[in-house]
Every structure is written in structure tokens, then in C-alpha cells.
Amino acid sequence: MYSFEPNEEQQMLIDVVSKYAENDLRTSSNENEENKELPKKLINKGWELGLLQASIPESYGGFGERNAVTNVLALEEMAYGDLAGTLAVLTPSLFATPILLAGSEEQKQNYLPKIISGEWSPYTAALIELSFDFDPNALKTIAEIVSDKIKLNGAKAFVPYAKEAQAILVYANLNGITQGFIVPKDSVGLSISEEREKLMGLNALPMYRVELHDVMIPLSNRLGGASGHDFELILASLRLGSASAALGVAKSSFEYAKNYAKEREAFGVKIAQKQAVAFMLAEMRTEIEAMRLLTWEAAWKMDNHKEDVCVAAYLAHTGAADMAMMVTDRGVQIYGGHGYIRENPVELLMRNGRGFAMLLGLAIV
Amino acid sequence: MTIEFEAPKPIVNQQVMLKTVAENMMRPISREFDENEHEIPWSYVEFMHMAMKAAGGGGGLTVMEEKTSPPAPLLEGEGSQKRPPIGYQKLATQIEMLAWGDVGMYLITPGGGLGAAAVAAAGTPEQKEKFLTRFNSDIPTYAAMCMTEPGAGSDTSAIRTRAVLDDKTNEWVINGEKIFVTGGDKSFTHYEKLGKGFIVVWASIDPSAGRAGMRAFVVESGTAGVKINKLEKKMGIRVSDTAAISLVDVRVPFENMLGSATVEKNNTGFRGAMATFDATRPLVAASGLGVARAALEFLKEKLEENGVKIRYGLPRQKLSNVEREVIDMEIMLKSAWLMTLKAVWMADNKKSNALESSMSKVKAGDVTTKITQKAVEILGPIGYTREFLLEKWMRDAKITDIYEGTGQINRLVVARQILGYSGSELR
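Read top to bottom, the protein sequences are chains A and B. Using my numbering, the letters of the first sequence correspond one by one to residues 1 to 365. Using my numbering, the letters of the second sequence correspond one by one to residues 1 to 427.
Next up, chain A with everything else stripped away, as it sits in the complex (with noise of 0.2 Å):
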């Protein structure tokens, strides 16, 4: 059956992340990003709505089990809020979320329940590594299997919160394949950067250079226990993140739009009354609708276990990247000469809005 609206439970959840979005992450927004910090208070706030607490079972602690649509939903709608805001209280799902998907039963007993009981707790994930051609199936940062150890050889970037995180998840190449490898902190031979990364968004998610000089971990480390796992799935639900988060910037960016266009007055009347804002804004509109479609469905394919889900998720990811571009821009233009002052909110979602393009390892569904 085709059918297009969110299920009764899915819709309380969008609810109640619609008003922390609203109410905590939107309207805080643009002062987090000038102060370059969030608040723990707001952090921990977002992080009780329990999304990620929601997608592990019961007997690891939780309280449900991993919907890939549900998790769409919900992180478009936070997302809709603030970027970075969302990206933060979502960090522990960098880590958790590979486990549950793809680790060992021990590594799922071990860390599960410790990261989803109490307060928010930094575990993060590096996948990102600073080069032009930064592709997360052929990754520089090096795995090596020495006797019965893993060697870790590379450096990684953008990684949210590595100070203070308890584990990373570090993705690296070993013998062509990608691979995520547990990294406690404190390890021998990781360092991370004193100085946070100064990107041109997201300045209020404190994130970290990351460095690996022949750090060993046991083979049990290797996410999936000694034999591995299989990246493919992982990387289908980072692309399926960042395409729920970028729909996210985008109505926002939209709305904001929107509403200013049916407030402003040029020439005797809004400026909305003009075709040419209100073919914009329609055209947003439109693509926003396409992409969040294309979202849904590779989520569908993911959650029903079809065959053709990492490309569906590569598309989304790739259309909602693109999207998210053009709708914060004109979100801008329509704003004119203010859409450039940094008081209005249009001028950090276009920033924002460039980063889901390059930003693949954020976000987790």
C-alpha cells in the first residue's frame, strides 16, 4: 500500500519535538551561533525527548525499537529548530546508533544501557576527514591488524564534542573496506586539538580535530566484534540524517521567508503579492515537498529491509543536500539587504543550509 501521513505515535513524537524546536531550539538559535556555544540545559532538555532512547530495545535499556521513518520524522522537525542544537543532542546516536545497527552483542551490552541511561553523555563518531575528495568508502585514516590488535593511523575532522567523549567511533580503512573501530578516550596516540574547528556554520557544535599516532585496540574494538561489519547500512542512515536534517534547515528557512514576504511592502503592496517572490517561495515549497518524499521512502526501504536502500539513501542524501542550497539561499534573497544581517535568522541557515553536501557523519537516523 501507498500511504503518506505519519502514524498516530509518530505524530505525538512529531508534536513534542515540534515544541521543543519551536519553542527551546528556535528561538535560541541565532545566539548560540554568536556566543559559539549551547547550553547543556537546552542539550539535556532535547536530549530527554528520547529519540534515540526510543530506537533501542528494552533489553539494552531503552524503550522501543529503531524506526528509520520515525527517526526522519522527528529530526526533520528538531532540526527545524536549530542545526547545531539538534546535532549536539543527537551526538550519543553517532555512536549508538553503528552499535545497535552493526555491533557485537557485547559492545551492545557494554555501551548501550551506559550511554541512553540518565543525562545526555558525550559519546561521539569520526568519519570525516579534511580533503577535497573526502569519500567515506575509501577513507586515508588507516587500519591495520597486528597480531591481535588493531593499529589506528590517520586524522579525522569535524568530530562533535571528541574533548570531552567518553569513546569515539572512528571510521577507518582497513585493506579497502570502511570499518568503525571503538576508541576509548585516553587511548595511546590520540590526540585531539585544543582549539575547536571554525567552520562557516554550525559555530555553536563544539567540534574537534582528531588525530590517531598508532593507537592499538583490542580486535574486539573492531565494531561487530573480530570479523567486522558491514559499512554499507551505517552510511545509508548518516546520508538518510543529513537529508532529514537538511529538510529540516530548509522549512526553516522557508518559513522564515514565507512570513517575511507576507509582512514586508514594496510598491503599495507585500512583497509575497509579487510573482516573482511568490514563484520562489512556491518553487521552495515544491522541492522541499520532493525531497522530503525521496527521504521517506529510502527511510521505508531501510526500516523493510529492500534491497536497493543505499542507493535511495545516497539520492536523498544527494537531492536534499542540493535543496537545501537553493531554499536557504532564496530564503536569503527574499530577505534582501536584511537576509544578509546576521539578527535575521535566513542568514545562518544559508550557511547551514551549504553544509549538508560535505557534512555526512553528523546525523544518524
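Any given hint could turn out to be false.
Stated by the list, open to error - Here are the computed distance ranges between Cβ atoms for each label pair:
1) P125/B - P57/A: 53 to 63 Å
2) G307/B - H305/A: 25 to 35 Å
3) E65/A - R316/B: 32 to 42 Å
Stated by the list, open to error - Heads up, incomplete: computed chain A residues facing chain B, CB under 8 Å, no partners named:
4) F63
5) Q273
6) A278
7) A282
8) W300
9) G319
I should point out that these hints are in silico values taken from the structure, not numbers from a laboratory. Using N, Cα and C, we set each Cβ at its ideal position, and we do this for glycine too.
Knowing the structure of chain A, use the given hints to seat chain B on it.
Coordinates of chain B only, in the frame set by chain A:
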């Protein structure tokens, strides 16, 4: 409700059958009827009529009859009470597949088309009985809608055709010019192999009342005073006839007017016509997307023959330009199709879909033209030669962004919907 993307069984089965039709009945004669404009591919017409009758469809693709209340059970057929209605979804997927075969030929699939749609939307039960049953007869029968005039395209309120009641005979006397009548010839001209059809003519009974004075009149095939002036020569969809029709003192019985003769403000007659468009826009979108899919599949096939494989999953920086283009085309096509499906799903579930309907048409108009044009470009001489159908698909595709409301008109509808503006607030 829930979010789901599994094609229902009846649709899956239907698609297998229709693909065979598209491959065997349409594609092989596609070029011939593009080159011989205005010839009628009787093999297709007769086969489709028989096949649809056999399937119990009674003019299977007659889109809009089925839109009359109550749409769901009519569409649904037998024994599926528990499942939600999927009639429009079935229709959209049918249309997509037939258009994948040949969109012009899909357009001449026998049935009532938009003419019957108007009767279904605005007619009384007696009128429906009188005018619509003919589509179940043994021979293919057509009906057409005459809306556009030389001076009235998207702005349908500018229609000048007049209908005046002759009190003595209780007949309407219609005068005017209509153009771009899809299927006008097959609906009006007498053909031995076709049943008696009709055209539905939109005319004003009170020009001072603007849209409220607009009415639709059923004009039976052969009625005196109606003249098919010409069949247009078109860029594409050449197998589908597009007629220019003049009406001089055309007399039709009083009962051939659809709806009420009283002119009131907020009259529903015209709104009925517009409501028809809400329902048909996603179907037009579907027809365009079938062409786009054909073009994209052909492109990928040719590329693969030449050793170009699309490396999905690579970051954009590592892709070749051709790969990027193909990937973008896939994103466009898939997302436009999902928007279309959503719009018809809403229609099936009786949710108001004016926004989704127009958005699907905007998107489909865009992507259908872009995909076909890009495909021709990428394949160079292979794209441009008439040896292959790709160049024809590009010509066929363009109409998607024009009829049933141009891309611009639909943007206007979308904008009004999202901004909450009336027609006078956003002109």
C-alpha cells in the same frame, strides 16, 4: 495512517500487463504515427477498448467518470471493502506506464476523457445516465472538452463563446471559437469504427457575471453548426488530434446544459471545472513522468552500451559530469513521481489536494522537460537522430509543462495555497 511505499498488489499486477501493451502495441508503431500525423492507430485503439472492456473497466481509463460521487467504490471494483481506495493511484500508475510506451497514444486511449469528466463533475444523475453509458458500448467512443479559445488560454474567465436560450424551442444557441480541443476530431467527426461521441463546450450564459455565468454544454457528434476547422500540426504527441472548432448558431436541447441555469454568485459550474483540474493535474504529471522515465532508461542503456556505468555512492567530486547529470535526473524523476503518487493518494482518501496536485504538476512539468532535453544533449547525435525515439520523447515531453495549466499557472496556484492568498491578492 502510516507512511508506506509498497505498491499494492493490484497495481503491481496491472503494471506487468500494461508494460506488455506498451512494449508490443505502442513502441513498435510509435515512430510511424509520429511521422504520419493525424492517422489513427486502429490496432491500438481497438485493442485497448476490448482489453478495458474485458477487464470490466467500461472504458477503463475514462478518468473522471470515476471521480463522481461516490468515487471510491466505483473505482475499487469488487471485493475490496476493507482496503482503502486506490482508484486514482491505479489510474496514475496506468497512465505512467502507457505514457512510457507512447504518451500521444495514451492520450487517444478510447473513453470519455475530459469531456466525460465535466459531465461527471457537473452533471445531474439523468445527464450522467444519458451521456456516460455510451463509453461501455462495443465500439470505442470518445468525448472531448472545449475550453480554450484563441483569446482565452490559462485565463479561462476570458471565454467569449456565448450560449443564449431560445425560449420558443427551449434550446441553447451557442456561438464561438474553440481551439486546442484534445480528441476533438474523434469525439465529433463520424468514423465508422467509432461510437457516437460528444464535445463539452464551455460558454457564458451571462457575460456580465464573469465566471459565475460560465456553463458547460454537451454537443453531440454531428450537431449542425459545428465545424472542425483544422487539426493542429504539433511539436509532439502527433498521434493525438488537437482540433480547432467553430460553433455557429449551434442548437442543443435545454437538458444538455450541465448544472443549474440560474446565475448566482459563487456558482459551482465553473468551480466544478476547476475541481476537475485538481483531480487531473497529477494524472497529467504521471503522463509526463512516463515519458521522462522512458528517456532516462534509454539514456542509461546507451551509456552502458558505451561502457559508462553510473557509480552511485561516490561523492560528487569524484563523479564525471555525465554521472552527475544522470544521478540528478534520477533524483528529479523519483521525487516527482512520489509527489504525484501522494497527490492521487490524497484524492483516493478524499483529502483536499489542491496544493499537492499543483505541486506535482509543477515538478513533473519541470523534470519531464529537463530530463528529456538533457538526455538528448548527453547522447549528442544519438539523441538528435530520428532513428531513435529519444528525440520524439523530448518533443512529446514539452506539452507536460503546458497543458492542464502551464507551469506558471500551477506555480500561481501553489503560491496562493501556501500564502493563503485569493486570486485577487495574488494575480
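Now for the hints, and whether the structure bears them out:
1. P125/B - P57/A: 53 to 63 Å: holds (57 Å)
2. G307/B - H305/A: 25 to 35 Å: holds (32 Å)
3. E65/A - R316/B: 32 to 42 Å: holds (34 Å)
4. F63: violated (20 Å)
5. Q273: holds (5 Å)
6. A278: holds (4 Å)
7. A282: holds (4 Å)
8. W300: This interface hint holds because 5 Å falls under the 8 Å limit.
9. G319: holds (4 Å)
Against the hints set out earlier in the document, a violation occurs for number 4 only.
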